[in-house]
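K.L.:
Those protein sequence lines, which keep their order, are chains B and G.
For the first sequence, our numbering gives the first residue as 1, with consecutive numbering after it.
For the second sequence, our numbering gives the first residue as 1, with consecutive numbering after it.
Possibly wrong hints are sitting among the right ones.
[What the hints assert, rightly or not] A few chain G residues facing chain B, derived, Cβ under 10 Å:
#1 7
#2 8
#3 41
#4 64
#5 102
#6 103
#7 105
#8 107
#9 108
#10 109
#11 111
#12 133
#13 269
#14 270
#15 307
Derived by calculation from the structure, the hints in this document are not laboratory data.
C-beta: ideal position from N, C-alpha, C; glycine also.
Spelled out from the first residue to the last, the chains are:
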Amino acid sequence: MTIAFKPLETFRDDFSFSNSDEAILRFPFPFPEDRYRYTVNTEPHVRAGPSPAYHQVFDIDEHYIAEHRERALVLERDPGRCQVLPHMMAAQWDTLELIMEALALDYPALFTLDREGEAWRWINRPLNIDQAFVFGRPETLPCPPFEYITRQAQGDFTLQDQREGTLFMDGGMVTTQADWSLAFDLGMTFHEWHGPVPLAHELGVFDRALQYLLRLQLGHPVRRLNWTMTVHPRLDTSPELYPVWGPDRASMNAGNVGRTLNLRVELQTLFRLPRSNAILFGIRAYLISLEELSRVTKWRKRLHRVLRDLDPVLVEYKGLARYRSLAVDWLAPGDDGAPLSRGVGPDQDRV
Amino acid sequence: MIHGDPIIARIRESRPLSPTLKRLVLEPADGAPLPPAAPGAHVTLRLKSAGRAWNNAYSLVSEPGRRDRYEIIVRRVHASRGGSAHIHDTLAPGDLIDLSAPINLFPPAASARRHLLIGGGVGVTPLMSFPPLLRALRAPFELHQVCSAAERGVFEALLSPHGPDVHIHVGRGAIDLPGILERQPLGTHVFVCGPEALMEAVTGAAAAAGWPASSVHQESFAAASGAPFTAVLARSGRRIAVAGNQSLLEALEAAGVDAPSLCRGGACGECMIGVLDGAPDHRDHYLSGPERAGGALIMTCVSRARTPALVLDL
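One chain only, chain G, in its complex shape (with noise of 0.2 Å):
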């Protein structure tokens, strides 16, 4: 079907689960079905706030598939950008919001033998979504959820309905990562998603076992945060000052330019853009080895400056 673009949605329910996590339930506006959603599906919120614009992506956590509503999580971050504040301290039921249609970057594997979810902190919102259709299908899965002692309790309630195949650890001490990978049987394959420090030590545990790297699957929405820079576009000759809490892709679009973007998490390649000069701090998960090394391109989303300027080719 072709959509509408944005959907809008009108905010039905806002219900803090701790102190920084709050579950907000969007619904249709117009009351029309929304585009159904498969597990690990994402929607962008597009949110505006006194002269102030935000792109957020959050994981749906509603039942795949339903189409009279949209569930998020979202923690409010330490230094936010803005966006989650904005959501955490403004946004109430009734408000309207608009949102693009579902993107799916981290789907379940059909070829899969076995799921093996593992998420950190409120990055395991993206496997939320997981249990339900596995469970539908009679897939087996096991989940891992890592988190602080303080969030124990909040994550033993959102996750403890899926079954008996849900683990909580808290801290990155209390899980045996090598033990947990060594022991699934052959076509397991294995979906991170939270810090950047458990993705790397998931990773790095299932090359170690000799995992093959189409059966590993990460998503990530870490924040674009670090020093400040400078972006120079070499076509127009533009400056435009990149802030220490925005990203890269966030400058160029509130400084109007028409700037290519799609998952906003380092993970597509959609917004990847030529770098003419300065030497580019890659955090994203889509430039090979040998990409990152040349620092000829740079993914704005997610990747940020090692100079204090980047010329790149816009």
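If we strip away everything but chain B, and leave its shape as in the complex, we get (with noise of 0.2 Å):
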């Protein structure tokens, strides 16, 4: 597999970040129906699926040099969006053999890891890096092991410690989020962290993905797809940096919405940890313009429909008030309403 990385591309100032039509073929759409609706939609995280984003533990695309530049760049300006609590170190080397052990299975040409007892050294070809170090000595890397690795790793993640029968979320690397703060988050319990989603609470939905995640086993990770829309390729929309993003919400007319408006999709990946019992939770973000996922009929067709009648407490949540309706009215010339395939597949080889 070779990947035609993009490594100029941004998703700051100029926006230069797109999709090639291999990227909107591959894009995990999220939509199996017409109308969307809350579920606990997880399932386990096994090499198959509708889109070859999901047939890796951990997904490598041609955004991934870029994504890796841009993670340094917002980490360079607020240190505080990687932060661990102490007692998470076993954590932290099982992220780190977890995703090296995952990447140099899943991409031979791209990296290598070499393992002689507790020696280990690590190839990222993409990043030309090549480190020697020992595994359980943190003073053996540049930086501490969670931030080591997945700094060199597309998406957010989060470590969950499960102790007194819940999870609290007691680490983080967190630079690509749709308006949510670790630094607000660290240390709260499963509930207290879900507590501003709507509907789901009184759905039961956090009982029972709760109860399900804490019997999460080893070797048999499991996954899910959420979804909002971004203005912008932007994926740095957190709450710390509101007053750089939220003005844009302002700035869609017409004319520009095709082009500036993207759906935001994150697949997430939760997987046990061996040493320290805890659950690395993955939230990788694709992004794609109006424009581009319109190439696809059946997704432009659906999105039409899942956009216009959403439910209207789910459009303040994902604050997609002010241009929604801008949206769908773009979307609709493109929808004769004739029935759709159900499931997420394209239905189509090329665009």
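Reassemble the complex: the two chains are provided individually, in unrelated frames, and hints are given to aid placement.
P.N.:
This is the structure in structure tokens:
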């Protein structure tokens, strides 16, 4: 597998990010039906699924190098985007091991992990890294192990400690988030950090999801999708930077909405970690503009229907209120109302 | 990582510790590193012999984090459901067996200021992997083992390498549980695994001494034997006989019913099934008092029936 990286694209300032035809077709489209509703839509994270994005433990795509640079820029300004509480050191090493093993296995041409007992050597060719270190000895790495490996991964990660019958968010690397803050949520329980989500508490979704996660087993990770919309391909829509990105929402009009509004899908993965018994939560964001997405006929029609009929409470929660009607009006001419196949597949081989 | 399931292991050593205890050393059949395991983890052995099958859970007693071998200790159960006898009598070095990846429902408490570990008989096995980690972290602990006079030597040999904070008590009368619990500093977590009576004595003494429930941890792999009964599956009308030396879960599995399960010890709640008629004999640690009294739910891995038949929502 060769990936044509696009190292110069940006997620800020001139927003030069874009998706190749191949990236459009492998986009993890989240709507299997014309109507969106909350469900505990969690399934085993196995090497199968309607998009190649699901087929690796951690998906690496053409945006890898550019996302690495974007993360470094965010951390330079705000080092607090990566924090791990002191009792989570075993979970830090668990995370490093999991990500290194998975990348080396899934992308042998890009990553190599050599191990001689505790003496490890990690080679990351896309980022020109060749690092020898001693597993379990933080001083042999240039930064703590969780930060070290998540700087080299796509998407955000949080660490959940399991105790007292619940999960505590006791660490994370969060630089590509949809308007939530690690600094605010750090140390919270599962129900506390989900507090702001509407509707789902009353449906018992979080009680059931927590019971499921407490029994998550080593070697049997699970995944789910979440979605929202973002103005411009901006990865860092954090509360800390609201003054920077908040005003973008008022900048859209019928002429630019197709270009500037992006569907943002999070491929969320959950892994039980072996030494710490903690859970690693990966939140991998994929962005696609309405114009790019519209090149897939089924997705264009389905997104139109989902946005048109979305529950007003969710419109408000996801922050879509200011521009939803612009998006619906832009998509409407491309939807003839014909029935669509169930499922999320694109139903076409090229765009 | 997404592991192949099951893991195939080869028996490297099978060494008797006593007339009823055997230590098995398992290594990966393909030589690839095993998943690392934390203290408190167990694996489920999937055993097969002459048309019979058993799923038995055993705690890992190997050094935590080792990836070249797993070690377990197996007691031959007197009224054996067959799995432990099969391990003792039939399995030999070189044989291959299927294992689950490690499952951990009994991990150390990262926030504990002190660990108080109490084992009863072979129930001490999930606690045996705690001291190496706690010593490496310089975390204070003490371990108390209650055993019979005949097995004193066995447990002394197994546990004394863990240092001066290990105490062996011969018989339940020899251990002052209320005294031990009362003199622990605030922030101590107690971990107990052993016979039902010992676990009840510890949890009762902890409650009496004012310990918060969240600081009390217990795990049991008690055999789920008792009087035979019949399980009736409401949706299909099938009637499945549950023998006296077989758990309800095992009877369902043997009948080809796809029943959920995870810990197989009444702790995790995964195997919970609705009861439509009949009275369950609850032996789990998962259901609340009101849920037990309600009688509408059962943990199939350990609980049985007080009535000749149980009608299950299956």
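K.L.:
Determine for every hint whether it applies to the structure shown.
P.N.:
Now the hints, each set against the structure:
Taking 10 Å as the C-beta contact cut-off toward chain B, the hint placing residue 7 (chain G) at the interface holds, the least distance being around 8 Å. For residue 8 (chain G), the suggested interface contact is broken, since its CB lies about 14 Å from the closest CB of chain B, more than 10 Å. Annotation: interface hint on residue 41 (chain G) holds; nearest CB of chain B at approximately 8 Å, less than 10 Å. Satisfaction of the interface hint for residue 64 (chain G) is found here, the shortest Cβ-Cβ separation to chain B being roughly 7 Å, below the 10 Å cut-off.
Interface hint at residue 102 (chain G): satisfied, since its Cβ lies 6 Å from the closest Cβ of chain B, which is below the 10 Å cut-off. Taking 10 Å as the C-beta cut-off, the interface hint given for residue 103 (chain G) holds, the closest approach to chain B being about 6 Å. Residue-level restraint check for residue 105 (chain G) holds (minimum Cβ-Cβ distance to chain B is 8 Å; threshold 10 Å). With its C-beta approaching chain B no nearer than about 4 Å, residue 107 (chain G) sits inside the 10 Å limit, and its interface hint holds.
At about 8 Å, the closest approach between the beta carbon of residue 108 (chain G) and any beta carbon in chain B falls short of 10 Å, and the interface hint on this residue holds. Among the interface hints, the one on residue 109 (chain G) holds; its C-beta lies about 6 Å from the nearest C-beta in chain B, closer than the 10 Å criterion. With its C-beta approaching chain B no nearer than about 6 Å, residue 111 (chain G) sits inside the 10 Å limit, and its interface hint holds. The restraint placing residue 133 (chain G) at the interface with chain B holds, with a minimum CB-CB distance near 9 Å, inside the 10 Å limit.
Satisfaction of the interface hint for residue 269 (chain G) is found here, the shortest Cβ-Cβ separation to chain B being roughly 7 Å, below the 10 Å cut-off. Nearest Cβ of chain B to the Cβ of residue 270 (chain G): about 6 Å, under the 10 Å cut. The hint holds. Using the Cβ-Cβ criterion of 10 Å, the hint placing residue 307 (chain G) at the interface with chain B is not satisfied: the shortest such distance is roughly 29 Å.
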